[in-house]
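Enquirer: Now for the letters of each chain:
Number of protein chains: 2
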Amino acid sequence: MSKLTIALDIMGGDHGPPVILSAAVKAIQNYPDVNFNLCGDEAVISPILSRLTPSARDRVEITHCEQVVEMGEAPTSALRHKKRSSMRRVIELVEQKQADACVSAGNTGALLTLSLYLLKTLSGIDRPALVGMMPTASHHKVVLLDLGANVNCTPDILFQYGVMGSVLAQQLADIERPRVALLNVGEEDIKGNAQVKSADQLFKDAPGINYIGYVEGDDIFTDHADVVVTDGFTGNVALKSSEGLAKLVINEVKRHSQRNFYSRLMAKIAFPLLKSIYNSVNPDQYNGASLIGLRGIVIKSHGNASKDAFYYAIVQAITEARMQVPDKIKTKIETVLLEQL
Amino acid sequence: MSKLTIALDIMGGDHGPPVILSAAVKAIQNYPDVNFNLCGDEAVISPILSRLTPSARDRVEITHCEQVVEMGEAPTSALRHKKRSSMRRVIELVEQKQADACVSAGNTGALLTLSLYLLKTLSGIDRPALVGMMPTASHHKVVLLDLGANVNCTPDILFQYGVMGSVLAQQLADIERPRVALLNVGEEDIKGNAQVKSADQLFKDAPGINYIGYVEGDDIFTDHADVVVTDGFTGNVALKSSEGLAKLVINEVKRHSQRNFYSRLMAKIAFPLLKSIYNSVNPDQYNGASLIGLRGIVIKSHGNASKDAFYYAIVQAITEARMQVPDKIKTKIETVLLEQL
Chain A
2 MSKLTIALDI
12 MGGDHGPPVI
22 LSAAVKAIQN
32 YPDVNFNLCG
42 DEAVISPILS
52 RLTPSARDRV
62 EITHCEQVVE
72 MGEAPTSALR
82 HKKRSSMRRV
92 IELVEQKQAD
102 ACVSAGNTGA
112 LLTLSLYLLK
122 TLSGIDRPAL
132 VGMMPTASHH
142 KVVLLDLGAN
152 VNCTPDILFQ
162 YGVMGSVLAQ
172 QLADIERPRV
182 ALLNVGEEDI
192 KGNAQVKSAD
202 QLFKDAPGIN
212 YIGYVEGDDI
222 FTDHADVVVT
232 DGFTGNVALK
242 SSEGLAKLVI
252 NEVKRHSQRN
262 FYSRLMAKIA
272 FPLLKSIYNS
282 VNPDQYNGAS
292 LIGLRGIVIK
302 SHGNASKDAF
312 YYAIVQAITE
322 ARMQVPDKIK
332 TKIETVLLEQ
342 L
Chain B
2 MSKLTIALDI
12 MGGDHGPPVI
22 LSAAVKAIQN
32 YPDVNFNLCG
42 DEAVISPILS
52 RLTPSARDRV
62 EITHCEQVVE
72 MGEAPTSALR
82 HKKRSSMRRV
92 IELVEQKQAD
102 ACVSAGNTGA
112 LLTLSLYLLK
122 TLSGIDRPAL
132 VGMMPTASHH
142 KVVLLDLGAN
152 VNCTPDILFQ
162 YGVMGSVLAQ
172 QLADIERPRV
182 ALLNVGEEDI
192 KGNAQVKSAD
202 QLFKDAPGIN
212 YIGYVEGDDI
222 FTDHADVVVT
232 DGFTGNVALK
242 SSEGLAKLVI
252 NEVKRHSQRN
262 FYSRLMAKIA
272 FPLLKSIYNS
282 VNPDQYNGAS
292 LIGLRGIVIK
302 SHGNASKDAF
312 YYAIVQAITE
322 ARMQVPDKIK
332 TKIETVLLEQ
342 L
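Here the protein sequences line up with chains A and B, keeping their order.
Here this note's numbering is used: the first residue of the first sequence is 2, the next is one more, and so on.
Here this note's numbering is used: the first residue of the second sequence is 2, the next is one more, and so on.
Take the hints with a grain of salt, since some may be wrong.
Chain copies aren't distinguished; within one or between two, either way the pair holds.
[To be verified] The list that follows gives simulated cross-link-like pairs (lysine-lysine, PhoX-like), each with its CA atoms no further than 25 Å apart:
| # | residue 1 | residue 2 |
| --- | --- | --- |
| 1 | 329 | 98 |
| 2 | 192 | 121 |
| 3 | 142 | 333 |
| 4 | 269 | 255 |
| 5 | 84 | 98 |
| 6 | 248 | 142 |
| 7 | 192 | 248 |
No lab work stands behind these hints: they were computed from the structure.
Use the sequences and the hints to build the structure in full.
Expert: What follows is the structure in structure tokens.
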């Protein structure tokens, strides 16, 4: 097997190149069998080479890019006016088979538009989806999609998301027959809108998918399903609102443990306990949403990712590249579509 | 001011009458200026009278009801075949001005259908909404609606929800000019679906509402807004998925603190700290979703409410009755609609 190459957009993200570069150095050191192509301002990137051993340096290429896609920039502007940007370059490297996957913490809308324009969707897939891995009670992860790529989803698109999510759970969580569920609201009677009801029928008619029916929002974090499918509006809200609650908990821990001498002491004694709770809900470790359904691997990191969070996104890219996720999705969607003929 | 009367559906909920009755006893004892009408099977209810002082007993009426609306029952079936049910009776008491508010932990769909049929919406309101109060970092609560009454919301309905939520924040959280926001997805460019965009314009055109624009899912738990408006599908998912994460945290605390002798000791020492964190995210204390927009006060408790959770729902009913919430909504909606002429 030839060495993998991962292309990194060094210029994206809220915290700028230093955080991204620190994460890149960590990945370069930890993955001696992977090559890296760092795209962005050469003057900013090249100093980090001194932090690497000579053999590590040999696995790093720098691609100088004059432009940066801004965080608030309209996707159409990025498409038209930023042809020499680091974000576009990493996707082009994937398109030209010079990289096996790319990672960016930049503007989601622009990344989506550029990826769709340059890489195109796999045949049988109408729209790409943003996918995340969520924590659960039993510590195996749940595939949640769409996290915001597509706010208006037809039943067909929801069905395709289920097929793609199923492949991801197979490849990344090593589950033989992933249980696929549709996200819906609680009560029997007020159950779902027209889209969800039609998608439900599509899944029921697809023997190749292990469809288990509807789940509710709280079931994302239990072990009811391995893949939870919803439209990009609802998925984004589910992701963000659970992250919001996680942050609230973390802040409460801080607040309560600084209240007085006794509580500071308690917090010190219970620090390992509090730390492991924090780790189990900290959204950082689930950073790295995959943009799937494309003819190439694109990983979207949180814009405000820390060094560790961006590192997780790079690891995600390496894993998907090793698993050849787009090929697996292509095969699965062909099988499922053939069954329906 | 004459004494308030609160009607309680004793038969609803997953845990059955004993839990509801225990909560009722607590409320009867804690609110000596409130009368209670307990609706359900008299044989089940009357034994609790012995747990009350004679003066408390004088404030309690029992209304025997032969029927029970089942948790999984279709709303249409409840409407047609359960005319002598405890759920219908409590709403009738509100309709007939014999009670100032009612509380049920029964089947949400049936409660919604019966309330709408018996009480009707206020003029200017197309559909009622389920409203909850969510915790935030600064410990004042945020009004979130709709939690699932209405999965398909037109922009007009979203606007009406904003007006109603604004009144609730004024009356229940004592905020003079509540900041009203629309829930939306993250990025500028992929921002929102057609409904949200049209509703945004309606709010911008209404000077009587302190509209602050869009917020994202994690902002529900920060202090960006006092009222967060969304459709019943998304709102239900936001509520349930944040509850799901809260439960995950609570389970992690339990798991980590029982791992070995040392962690059990740590957990014991830090118990007050863990307890107060638990309390700040425990969904029980936010129990009691109001069904607003109707000509009367209906409070929906979680089906699986504990004694304390159902007690909070009763307190919510008393508070809204004292504040005369439906009258305040009526006045506000008239003012806002007049402004638009």
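Enquirer: Next, verify each hint and record whether it holds.
Expert: Hint-by-hint comparison with the structure:
1. 329 with 98: within (17 Å within a copy, 64 Å between copies)
2. 192 with 121: between (35 Å within a copy, 22 Å between copies)
3. 142 with 333: within (21 Å within a copy, 47 Å between copies)
4. 269 with 255: For residue 269 and residue 255, both the intra-copy (11 Å) and inter-copy (19 Å) Cα distances are at most 25 Å.
5. 84 with 98: within (18 Å within a copy, 69 Å between copies)
6. 248 with 142: For residue 248 and residue 142, the Cα distance is within 25 Å both inside one copy (19 Å) and across copies (16 Å).
7. 192 with 248: Between copies only: 23 Å across chains, 30 Å inside a chain, cut-off 25 Å.
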